[in-house]
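S.K.: Sequence:
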Amino acid sequence: MMRRDRLFLAATLTAIFSADLYFILLPKLRGMGQGSGHFCPCGSINLTLPSHGGLATPQLSNWTSAPPLDGTTSEPADGGSKLRRLFAHPLYNIQTPVLGPEERLLQVEQLMEYYRRKMSRWERHMKLYSEAAAFSNITLTSHKVTYDPSASWLEFHLGINRYALYSREDPAIPQLLKDMQSMTVVSSDYTQDEKALKGACDCTQVVKPSGHHLKLALKMQNFAKAMFKPMSRGTRRLQKTSSTLLISRDTMQRLLPFTWTASFCRILDFRRVPPVAGRLVNLTGEVLQVTHNEDLRAVFFTSPANNACFFAKCLYVCKTEYAVCGGPDLLEGSLSAYLPGLSIAPRISIPNPWIRSYTFTGREEWEVNPFYCDTIKQLYPYNSGNRLLNIIDMSIFDFLTSNMDRHHYEIFTKFGDEGFLLHLDNAKGFGKHSQDELSILAPLTQCCMIKSSTLMRLQLLAQPELRLSDVMRESLEGDPLQPILTEPHLLALDRRLQKVLRTVQRCVRRLGEDEVIAKDFVKSTARPQAAAGEKGKDS
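Sequential numbering from 1 applies to the sequence shown in the working numbering.
These are computed hints drawn from the structure, not numbers from a lab. Mixed in with the good hints, there may be bad ones.
[To be verified] Here are the computed distance ranges between Cβ atoms for each label pair:
hint : residue 1 : residue 2 : range
1    : 350       : 371       : 28 to 34 Å
2    : 117       : 436       : 45 to 51 Å
3    : 380       : 14        : 35 to 41 Å
4    : 104       : 143       : 29 to 35 Å
5    : 499       : 178       : 33 to 39 Å
6    : 478       : 129       : 43 to 49 Å
7    : 14        : 371       : 19 to 25 Å
Backbone N, C-alpha and C fix where the C-beta goes; we use that ideal spot for every residue, glycine too.
With the hints as constraints, model all of the structure from the sequences given.
M.R.: Take a look at the structure:
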């Protein structure tokens, strides 16, 4: 009996030690390895595009094109725009397939009919509201709404296809940004998700439980619709240090992630974030006076400092201390273009396989199991198609923006499993610029897979002739609320980019390029005379 007890005890201790090694020690050792900066001489593959304008396309084996991280910039040899040179590169001019009706989200007749119905409903609503206001002796501010079939927001909606929210050279996008920055606001209301939460708490006005402040749905003169997210964490304080303008970190929490992510999404050529523009909004003249929702009007007040303010009444934030105030009426914020309505373009929300636990009492499986991706690869819809590769793209996007809060992603139901992922929730980006949260890269580190197009663009943005921070700085210069990012946040982009490339290095060294790099370019024999380089399609 004693001999059997000793054998049982030894077997138990061995099992416990093995579990500790597998689930605790091994993940920590792998995490320590992520911080190493060793480069490896990896062989190149036959997937390159010709040089353009003196700027060579990076070979997939070129891991050493790191720009300096000392804050200095390298100007183009011709003194021109780095951003224009980037978008002129063959990697950003790959021909997409000819789009048929099934490849487009909406058809012209379908969208115009939807537009006319919305206009008719609006006119009926305004007639009833005007009669009620006249009966109650209320002064009503009304603006004329125009029917414009060529409006930029309609062109944006018509341009949504299976591959992205908009094409690389869509002229409607810059026009839409200008319209959102300047067009007259004719209506203000709660956003639809906030309306859906009515009854979820003991109050009549609600916001998402994840947020502390209101988001407003603003309707423009040509019936465009945009979500206004106010800058709410503290005041915007500018401190001039030599020639550099620095913004206090508390302003990053609301305004900046939205204005930045849309521009950055285009630089990475993902085009999965709706167009976003900064705007200075008059809370009294452009919001309160065109608000027909009495519940919303009730949350506006004038502070002791004579500033126009509004706040959220909800279970979590029911005090005026959490109010958002103008100065005295003007408030900075971001305007994000609305996607087509769910009635004509339904989409679904899917939990992120690498969702965080959000508690101190437990951990998700991916946080303790280094082979978690092997399980995911066996599950639908990640066992075929590009869904898993798109998740990895999203993790790289979130790591560069330092967004740890990607708990869901959305897809348009029309495109099914092969549709692109919408990157809609970017509010938690840009925390500490000095901290790089490597756990965000878990899909990449655990799956060791990446699209060749994504890798080549990341390598291109690591070259000193371009440099990610430089093109990002230039891209944000046209925003009316500039400066958007501080220099430390811009330089963090270059540092994080190098960490992504080193992660891919380690995967290639361990598994080989054929296993790690998914070749998503498809060559085309058409248009051999094209001067922009090799043509194909980017799946």
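S.K.: Evaluate each hint against the coordinates.
M.R.: Verification of the supplied hints:
no. : hint                    : result
1   : 350 <-> 371: 28 to 34 Å : violated (23 Å)
2   : 117 <-> 436: 45 to 51 Å : holds (49 Å)
3   : 380 <-> 14: 35 to 41 Å  : holds (37 Å)
4   : 104 <-> 143: 29 to 35 Å : holds (32 Å)
5   : 499 <-> 178: 33 to 39 Å : holds (36 Å)
6   : 478 <-> 129: 43 to 49 Å : violated (37 Å)
7   : 14 <-> 371: 19 to 25 Å  : holds (21 Å)
The structure is inconsistent with the numbered hints 1, 6, although it conforms to all the rest.
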